[in-house]
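Undergrad: Each chain, letter by letter, is given below.
Protein chains: 4
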Amino acid sequence: MNCNYSFASDNTASVHPLIMKAIEEVNRGQYVSYGDDPFTEQAINKFKEVFGEDAEVFFTLTGTASNVLSIRAFTQPFNSVLCTDVSHINIDECGAPENIAGIKLVQIKSADGKLNPKMIAPHLGVIGNEHHSQPRLISITQTTEVGTVYTYNELKELTEFAHNNGLYVHMDGARLANAASYLNLSLKKLTYDAGIDVLSFGGTKNGMMIGEAVIIFNRESNRNFIDSFKYIRKQSMQLLSKMRYISSQFIAYFENDLWLKNAEHANRMAQYLSNKLLEFYPDIEIMYKIEGNAVFVKIPERILDELKKDFYFYIWDNNGPVIRLMSSFETNRSDIDNLVSRLKQLL
Amino acid sequence: MNCNYSFASDNTASVHPLIMKAIEEVNRGQYVSYGDDPFTEQAINKFKEVFGEDAEVFFTLTGTASNVLSIRAFTQPFNSVLCTDVSHINIDECGAPENIAGIKLVQIKSADGKLNPKMIAPHLGVIGNEHHSQPRLISITQTTEVGTVYTYNELKELTEFAHNNGLYVHMDGARLANAASYLNLSLKKLTYDAGIDVLSFGGTKNGMMIGEAVIIFNRESNRNFIDSFKYIRKQSMQLLSKMRYISSQFIAYFENDLWLKNAEHANRMAQYLSNKLLEFYPDIEIMYKIEGNAVFVKIPERILDELKKDFYFYIWDNNGPVIRLMSSFETNRSDIDNLVSRLKQLL
Amino acid sequence: MNCNYSFASDNTASVHPLIMKAIEEVNRGQYVSYGDDPFTEQAINKFKEVFGEDAEVFFTLTGTASNVLSIRAFTQPFNSVLCTDVSHINIDECGAPENIAGIKLVQIKSADGKLNPKMIAPHLGVIGNEHHSQPRLISITQTTEVGTVYTYNELKELTEFAHNNGLYVHMDGARLANAASYLNLSLKKLTYDAGIDVLSFGGTKNGMMIGEAVIIFNRESNRNFIDSFKYIRKQSMQLLSKMRYISSQFIAYFENDLWLKNAEHANRMAQYLSNKLLEFYPDIEIMYKIEGNAVFVKIPERILDELKKDFYFYIWDNNGPVIRLMSSFETNRSDIDNLVSRLKQLL
Amino acid sequence: MNCNYSFASDNTASVHPLIMKAIEEVNRGQYVSYGDDPFTEQAINKFKEVFGEDAEVFFTLTGTASNVLSIRAFTQPFNSVLCTDVSHINIDECGAPENIAGIKLVQIKSADGKLNPKMIAPHLGVIGNEHHSQPRLISITQTTEVGTVYTYNELKELTEFAHNNGLYVHMDGARLANAASYLNLSLKKLTYDAGIDVLSFGGTKNGMMIGEAVIIFNRESNRNFIDSFKYIRKQSMQLLSKMRYISSQFIAYFENDLWLKNAEHANRMAQYLSNKLLEFYPDIEIMYKIEGNAVFVKIPERILDELKKDFYFYIWDNNGPVIRLMSSFETNRSDIDNLVSRLKQLL
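Residue numbers (the working numbering), protein chains in the order written: chain Z, 184 to 530; chain P, 184 to 530; chain R, 184 to 530; chain D, 184 to 530.
By construction, these hints were calculated from the structure, which means they are not laboratory data. Positions of the beta carbon are idealized from the N, C-alpha and C atoms, including for glycine. Any given hint could be a false lead.
[Said to hold, decoys possible] No farther apart than 16 Å at their CA atoms in a straight line, the calculated lysine to aspartate or glutamate pairs in the EDC-like style are these: (1) R:Lys413 to D:Asp275; (2) R:Lys204 to D:Glu207; (3) P:Lys292 to R:Asp268; (4) R:Lys292 to P:Asp268; (5) R:Lys413 to R:Asp219; (6) P:Lys204 to Z:Glu207; (7) R:Lys204 to D:Glu208; (8) P:Lys204 to Z:Glu484; (9) Z:Lys413 to R:Glu313; (10) D:Lys204 to R:Glu207; (11) D:Lys292 to Z:Asp268.
[Claimed, not checked] Pairwise CB distance ranges, derived in the manner of DEER restraints: (12) Z:Gly212 to P:Leu461: 25 to 35 Å; (13) R:Ser369 to Z:Asn299: 50 to 60 Å; (14) R:Asn312 to P:Glu224: 36 to 46 Å.
[Claimed, not checked] Only part of the chain D face toward chain R is listed, based on derived beta-carbon distances under 7 Å: (15) Asn194; (16) Thr195; (17) Leu201; (18) Met203; (19) Lys204; (20) Arg211; (21) Tyr214; (22) Val215; (23) Thr247; (24) Cys277; (25) Tyr428.
The whole structure should be built from the sequences, with the hints applied where relevant.
TA: Structure follows, in structure tokens:
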């Protein structure tokens, strides 16, 4: 048996056939490059159907870029961005937020990967004092890096607190689809309606090939940030010349709610995995609530090396150790059954 | 008749069918992301066959990124990069070299888009003086932004001068394939053998969808730059998760010299266009030698607006005006015939 | 005879006795640091008397810093700053404007060190195009780096053109005092009244020890830039803790027009030098009009090394060669007589 | 009674008379600017006497600058710097380390303001992984921001651990003099001998006007960093033209151990304050060991506003509240007696 890569991340998956088909379909003839083509226009219209008319969308090339460009747009270099200690922008982007946007990250310890007003408040005392980076943007992740989900009310409470204190809120939505599926709420409800100012919207982890976008809401009040964005994107090396090959993916992604179906499947597989684990091993320690497509589970150190031979996954915490098992739109039950049965053997 | 986009740029073209086929073929199953997959390994091997064993290759997402990351790798922020006034890094990258790499561009006026030692020498007097950015890297473009080509000897002379003066040489090879075709020399001959230290190798303008790479030569002496590069790439937001979709393109690009066939065709079409123009209008002013896939031609101001209705192209210089007409792997004779015949009508 | 350093720059001079006295006088007791002290308040009031009430002033530590912080305040990283090829920000700041502000410098060739609307206009065609850095700020130097002076009308014409085109104007006033003396106009007339938006005001070259300031005019319309400035200054490492030792210098500098007397003397010495040179050697080539405290003179190559033994000065252009001879508030006639007499011997 | 500023910081003090005298003494005649003058040479020699021959010294203008330039010299932008959560570089520099050096700060919680190998080790697991900023430099503060002191052995243990793991160690020595006095060890013993690679050496808080320096040790192995430093300093806007006015201060500072006498006095005053407090109020909570010139004391919230009327000081922690009381070379017993007696009244 070869090593199974299904559980490492949702980006080990392939491209969904309907996405691939859409790419092929735009592959004829010449079109103006850099986004002045009809497919990009169509894709942008799709975004407005989904997220509402009061949204401007810009395509980028990586999820890291979506996050960093969102930060660049909404901050000045003397600002700080408040995030959790486990946030992707803090841990997994090789310092890109600090280096490219020039800002400071204020890293707030969080037990469940979420932030709330009480955790933010103590960091606002520095406002107005030139010796300290000035808080400007709260960045949250939905679903969080530990697989938990902000409810609509939690989002609303946080964005209201932020706006009342002169702050903006950025959502890293690399896995927003999984949250929408879990909560059974629309993408618009979970972003625009909930008061989010700027969103990194990711499709790559949910069946696309290269599908990342930044959405800025509230066109009137955020007009300056929107007007600057195209320059920030180009300067940040995120403007693809043959844009139609991204746009076509997004068109297919929203068609017949493909995004939702993919996310639903991935979430279901995480539940299935978690249930199977608890079934055969009721004492197994599952670290966080399963609300998206991630399962964090503590396993005995002694079986780690054996398990690694057949399955590729990330070790989240060497203490435990805790391993992270992700599911995706193409994870299937037999992958999970194999994993669980191997675990049974080893334990 | 709709507007014809063929002449605007070689990036208005579609993706070559063989490249598209290669993408489809890797679209099954799960693979480790971020480049630890067998297709990326295979693509890297292809690069070594083509450019020699003494080369390290890193895939990126845009041509601007290849240039900026090359600069980041070979400079410190107090360095300057010497380039022509018409270079892409100076004009067309929204200040990315300065902003992302932090360096100064020394912009040298050039009549034919090329640099030579005599043009560089006057800028070296500042070496050692802390008040001035320190020259470190010469950046040249092959084929140049005005469609001319450096010969092997010109390259060799420049790189020897550079190395004797403690400088490195970067080549922006967004259209290197067209130069190789024109000179009938191998890619290795025109880069590694010619003394180039770091190369932006572009495929997007020659039939790929997203195909950009940075190649660092001379592994022994450039070991530090090579070791740093993966961090620079990630921090610069250029590390694609589903890397196989780029790697597969490069595999097909090198297979049976597809890259060369595409470039040959594009060059041939530029020659054809130029010949047709001179044929019907011997006094027409073609601004630069046709050595690649670009034709710069001065046209009377009065016909500009009319011509624009049917053909999309860039105005290179409002004085003239001079327009730029590009050809690509899929430009065909009838496109050109239509353009020339429309010009005949208007003149 | 020891080497005479008088002519190298106006910053080889010592500190004017009245400035030194002012420093000593504040040297007693404890005061709040970082500028919340009564001397700083008094100095700021002096600035408002001189430059008008519609001005906000911030002290910095070097002239380079004043320039770079002015740029940081008025630009975003995707902007460009238009300046001459010989400007201090382009040549003499080791790339600080690009590196610290992240912007691009558009370097415009200038015969007399000045810019005018005709020279700016061709660079505005890129506005709105995301591929190009966006022009935002014109930076001029008064007196210029070659010792010439913008008239009030020239300034007015340039700032009106700038404002009509959505641009701001920065003045590098490292030697503004010399221009005011030459034109017999007030500092306010030459800055606020002339439409300047932001000024680097230098005192170090005119008798101070460490005396640099940024003045932002038009408080109402530039409110945002003013509000950000204190953070930019701190982050740019320009906030001195014991601020009273700068403030006291500025108080003395404005007292009884010390600044003007110093500048008048320096200008007079440049005239004296130039007259003496022309007297004994009518064919001597003086490169620029003597409007400030700089004399650029072409000398025969053969005497360069001999002259250097007794006098320290900068070679402005190796072709010529052209040497730069500066005068300061403490240059005296005998220094000049010695220089001229040595030149006589050598020629 | 006016408000007493003695306790706010050691930078509310004036300039020591011997320092001021030294400044006056160099104030005659012209000298080459930017540090090529005999006083600067003399000052550098003094540094070598004190810190050993294997040290290169560069003067800067602020303590923040010394820290940031040390970081710039020893890191690349994809590196991280490990520091405590209360460190000056993390809290009090308005994001300058991130913005100017481009790096990430890894903020490690510390109870006593110090770091040790056990606190560093868990952060080294990311080495070699491109998704994470690469640890490169440990930055410690001596005396720490809470007034504690690293012993020689603690320093040695930390630097050995660092070097064994490919890391460098920076010391923020804004108050190094106070530590040397406390430990009765030489500056060389506490830096070079203890394995420190780069030192921010501050004099401003100990009686100078503007006295900051970066010292890089181990010339052979740190040759590259040393060679780059002058460019980094100029680009970072820290090169003063009239350098002799800094150099002269340092000459006087080292003459007859003025630095040590000043520090001894300040430390003694902190002890005196602490003793007086404990004397009249044995239950008073002094938060950290008094090893330098800082006393952190918890006071009842109800007396805070009253106390502020007569004494200016910083509130370190609103919970408590805890106030910080600093002493300096010119704090005198009567200042302290007044403070203590006012506290008695209020309590």
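Undergrad: Evaluate each hint against the coordinates.
TA: Quick rundown of the hints versus the structure:
1. Between R:Lys413 and D:Asp275 the alpha-carbon distance is near 14 Å, which keeps this suggested pair within the 16 Å criterion.
2. Distance restraint check for R:Lys204 and D:Glu207: the Cα-Cα separation of roughly 9 Å lies within the 16 Å cut-off, and the hinted pair is therefore satisfied.
3. Distance check on the hinted pair: P:Lys292 and R:Asp268 sit about 12 Å apart at the alpha-carbon level, within 16 Å; holds.
4. In summary, the hint linking R:Lys292 to P:Asp268 is supported, as the alpha carbons are separated by about 12 Å, within the 16 Å threshold.
5. Proposed proximity of R:Lys413 and R:Asp219 is supported: the alpha carbons are some 13 Å apart, at most 16 Å.
6. Proximity of P:Lys204 to Z:Glu207 is assessed by CA-CA distance (about 9 Å); at most 16 Å being required, the pair is judged to hold.
7. As the CA atoms of R:Lys204 and D:Glu208 are separated by approximately 13 Å, the hinted pair is consistent with the 16 Å bound.
8. The straight-line distance between the Cα atoms of P:Lys204 and Z:Glu484 is roughly 44 Å, outside the 16 Å bound, and the hint therefore fails.
9. With a CA separation close to 6 Å, the supplied pair Z:Lys413 and R:Glu313 stays within the 16 Å bound.
10. About 9 Å separates the Cα atoms of D:Lys204 and R:Glu207, which keeps this hinted pair within 16 Å; it holds.
11. At roughly 12 Å between alpha-carbon atoms, D:Lys292 and Z:Asp268 fall within 16 Å of each other, so this suggested pair holds.
12. Judged by the Cβ atoms, the range 25 to 35 Å given for Z:Gly212 and P:Leu461 holds: they are separated by roughly 29 Å.
13. Distance hint check for R:Ser369 and Z:Asn299: the Cβ-Cβ separation is about 57 Å, which falls inside the suggested range of 50 to 60 Å.
14. With their beta carbons about 40 Å apart, R:Asn312 and P:Glu224 fall inside the hinted range of 36 to 46 Å.
15. With a cut of 7 Å, the hint placing D:Asn194 at the interface with chain R holds, because the nearest CB-to-CB distance is about 4 Å.
16. About 4 Å separates the beta-carbon of D:Thr195 from the nearest beta-carbon of chain R, less than 7 Å, and the hint is met.
17. Against a cut-off of 7 Å between C-beta atoms, the interface hint on D:Leu201 is violated, since the closest Cβ of chain R lies about 12 Å away.
18. Checking D:Met203 against chain R by beta carbon gives a least distance of about 6 Å; that is within 7 Å, so the hint holds.
19. For D:Lys204, the interface hint is violated, since its Cβ never comes within 7 Å of a Cβ in chain R; the closest pair sits about 10 Å apart.
20. Hint status for D:Arg211: holds, given a least beta-carbon distance of 6 Å to chain R, under 7 Å.
21. The criterion of a C-beta within 7 Å of any C-beta in chain R is met by D:Tyr214, whose closest approach is roughly 6 Å, and the hint holds.
22. At about 6 Å, the closest approach between the beta carbon of D:Val215 and any beta carbon in chain R falls short of 7 Å, and the interface hint on this residue holds.
23. Taking 7 Å as the C-beta cut-off, the interface hint given for D:Thr247 holds, the closest approach to chain R being about 5 Å.
24. Here the hint on D:Cys277 is kept, as its CB sits about 4 Å from the closest CB of chain R, short of 7 Å.
25. Annotation: interface hint on D:Tyr428 holds; nearest CB of chain R at approximately 5 Å, less than 7 Å.
The structure shown violates the earlier hints numbered 8, 17, 19.
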